[in-house]
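Visitor: Heads up: the sequence lines are chains A and B, in that order. Residue numbers for the first sequence follow the working numbering, beginning at 18 and rising by one. Residue numbers for the second sequence follow the working numbering, beginning at 149 and rising by one.
Because the hints were derived from the structure by calculation, they are not lab data. Just so you know, these numbers come straight off a predicted model, no measurement behind them. One thing to keep in mind: the hints can contain errors.
Claimed, not checked - Per label pair, the in silico range of CB-to-CB distance:
#1 A:Arg67 with B:Ser176: 42 to 52 Å
#2 B:Ser344 with A:Asp22: 29 to 39 Å
#3 B:Leu277 with A:Arg83: 51 to 61 Å
#4 B:Ser176 with A:Glu34: 50 to 60 Å
#5 A:Ser52 with B:Ser329: 16 to 26 Å
#6 A:Glu34 with B:Leu352: 38 to 48 Å
#7 A:Gly121 with B:Val192: 31 to 41 Å
#8 A:Gly121 with B:Pro222: 48 to 58 Å
Said to hold, decoys possible - Quick partial rundown of chain B residues pointing at chain A, CB under 8 Å, derived from the structure:
#9 Ser329
#10 Arg331
#11 Tyr332
#12 Gln345
#13 Val350
#14 Pro353
#15 Gln354
Stated by the list, open to error - A short list of chain A residues far from chain B (calculated; beta carbon distances all over 10 Å):
#16 Thr39
#17 Arg51
#18 Glu152
#19 His194
#20 Arg209
Every residue gets a Cβ at the ideal spot worked out from N, C-alpha and C, and that includes glycine.
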Amino acid sequence: MIVVDNLSIRQGDFSFENVDLTIPSGVYGVLMGRSGCGKTTILEAICGLRRMAGGRIRLGDRDVTRLRPGERGIGYVPQDRALFPTMVVGQQLAFSLIVRKTPGDIIASRVAELAELLGIGHLLDRSPGTLSGGEAQRVTLGRALACRPSVLCLDEPLSALDEDTHDEICKLLADIHQCTGVTVLHVTHSRREAQRLGDCVFQLEDGAVRELTLGDG
Amino acid sequence: MKDRPEAQLDSGKQLDSGTQESHRVDSSAPFIVGLVLLASIYVVLIVVMIVADLGYLFFSSDGLDAFAAALRSPEVRYAIGLSLLSCSLTTIFALWVSVPIGYLMSRFEFRGKAFIDTVLDIPIVLPPLVVGISLLILFRSVPEFLSDLVVFEVPAVILAQFAVACAFAVRTMRVTFEQISQRYEQVAMTLGASRSQAFWSVVLPQTRRGMLAAATLAWARALGEFGPILVFAGATPMRTEVLPTTVFLEMQGGNLAGMLAVSILMILLAAIVLTIARLFGLRRLNV
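Build the full structure now, drawing on both the sequences and the hints.
Guide: Here it is as structure tokens:
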């Protein structure tokens, strides 16, 4: 479960106050809104990457407001993907397990498992610069899922993909959600994505989040 | 701003001189030729300076003899050794300092940052001689054993080189870190890494090219450093004599051929280091 309670953020000219958002456990939540309305800011606050002026964030039964990003149990997929340029795909998938000092054999089996789930077994020795948009997005998802996070935060994961790849990754996201049961917060400005993927859809407008009924105009 | 062309289109009368078909774009050739001419002034200057040196060496009566004599001279050999050693140590120290400074300045906002930024630029704008004088004055106020250990000794050579060369390494490393998106660290931290782990495993490996540039720049600056060394370390043969000092001493002795021979030696050393750095850098980076 993701609970954002009375979140306030003030950063230069940009600010919003007392935003609430709740996504129940195992639910695929989509947060919509125009560009620049603060969707990404909320997502980054949940990940622990934004300084909060007020409010609390709970993930599952834990209050994570004061926890470091790495202690929150989140898988984060940024819009620009930010695959580590000096690591091959296999190293990217293993990263979160290596920093947790996981034994090598467990890392190897987890990487193999992720490679199979995402269909990227043939890419493990490739550098990020040599991947197509769809392949890079699969690797980014794999990197975020490696340490079995309870929450997956996706920032515009389908932008900058061509139409075929868009459909392919859309289906993959739905499959991953079904397979892992992870709670998802997917930020987008696309109503089509929201309708296709979202169990519950929220709109951020004028500094307030309201839940939309799927299919409404 | 947008209204005016639309108004013209509406009027229909001014279309003749402004349509896509009738608009002629000037050739880029004069612009490119102009740029090339201006750029070549500097390139040609560098090349003819070196050619003049080599011409003197090979075509003057005593050029090659002076070069051979310089290479045989124990003082010059000592100066070569000390230059190589001090420049290398200066480069290592400069990297140890410039990496943390570059990272801190590129990643954190703090009170007094503008002041620190200005301080870091001082060695770049200050006349090198003044750096030497300042070091000399500073070491008048330290304990005597430390002053005896450093001033007019080899450590003074390294410290004088470091004081100036490090500023260039700092500038390079800061730009390098600024060009690396913070997003990588943020992602690494959400994946469970501490800031330190994110730095060592994700950020630092991306700075290899910048570190190489910083090291090359620091090394080259250190090799050419003269003023501060003369003031702070002196020009004692077989003790604190580095290659620029040798050039100075030969000039004072009126030995133009010897002075030129050592200068060419420095050009060769700089060229070798630049080439090695590039080859090593390009191979390691698979470019």
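Visitor: Take the hints in turn and mark each one as holding or not.
Guide: Results of checking the hints against the structure:
1. Separation of Arg67 (chain A) from Ser176 (chain B) is about 46 Å and conforms to the stated range, judged on CB atoms against 42 to 52 Å.
2. The supplied range of 29 to 39 Å is met by Ser344 (chain B) and Asp22 (chain A), whose beta-carbon atoms lie about 31 Å from each other.
3. Restraint check, Leu277 (chain B) to Arg83 (chain A): a C-beta distance of roughly 54 Å satisfies the suggested window 51 to 61 Å.
4. In this structure the supplied range 50 to 60 Å holds for Ser176 (chain B) paired with Glu34 (chain A), their Cβ-Cβ distance being about 53 Å.
5. Range check, Ser52 (chain A) to Ser329 (chain B): about 19 Å between beta-carbon atoms, so the 16 to 26 Å window is met.
6. The beta-carbon spacing between Glu34 (chain A) and Leu352 (chain B), approximately 39 Å, falls within the hinted interval of 38 to 48 Å.
7. Between Gly121 (chain A) and Val192 (chain B) the beta carbons are some 59 Å apart, a value that contradicts the proposed interval 31 to 41 Å.
8. At roughly 56 Å, the beta-carbon separation of Gly121 (chain A) and Pro222 (chain B) lies within the given 48 to 58 Å, and the hint holds.
9. A cut of 8 Å between beta carbons decides the hint on Ser329 (chain B): the least distance to chain A is about 7 Å, and the hint holds.
10. Using the Cβ-Cβ criterion of 8 Å, the hint placing Arg331 (chain B) at the interface with chain A is satisfied: the shortest such distance is roughly 4 Å.
11. The beta carbon of Tyr332 (chain B) is positioned within 8 Å of a beta carbon in chain A (closest approach about 5 Å), and the interface hint is therefore held.
12. The beta carbon of Gln345 (chain B) is positioned within 8 Å of a beta carbon in chain A (closest approach about 5 Å), and the interface hint is therefore held.
13. For Val350 (chain B), the interface hint holds, since its Cβ comes within 8 Å of a Cβ in chain A; the closest pair sits about 5 Å apart.
14. A cut of 8 Å between beta carbons decides the hint on Pro353 (chain B): the least distance to chain A is about 4 Å, and the hint holds.
15. With its C-beta approaching chain A no nearer than about 6 Å, Gln354 (chain B) sits inside the 8 Å limit, and its interface hint holds.
16. For Thr39 (chain A), the requirement that its beta carbon stay farther than 10 Å from each beta carbon of chain B is met, with the minimum near 21 Å.
17. Every Cβ of chain B is farther than 10 Å from the Cβ of Arg51 (chain A); the closest lies at roughly 22 Å, confirming the non-interface assignment.
18. For Glu152 (chain A), the shortest C-beta to C-beta distance to chain B comes to about 18 Å, beyond the 10 Å cut-off, and the non-interface label holds.
19. For His194 (chain A), the condition that its CB be more than 10 Å from all CB atoms of chain B holds, with the nearest at approximately 19 Å.
20. The Cβ of Arg209 (chain A) lies farther than 10 Å from every Cβ of chain B, with a closest approach of about 27 Å, so its non-interface assignment holds.
When the structure is compared with the earlier hints, a violation turns up for hint 7 alone.
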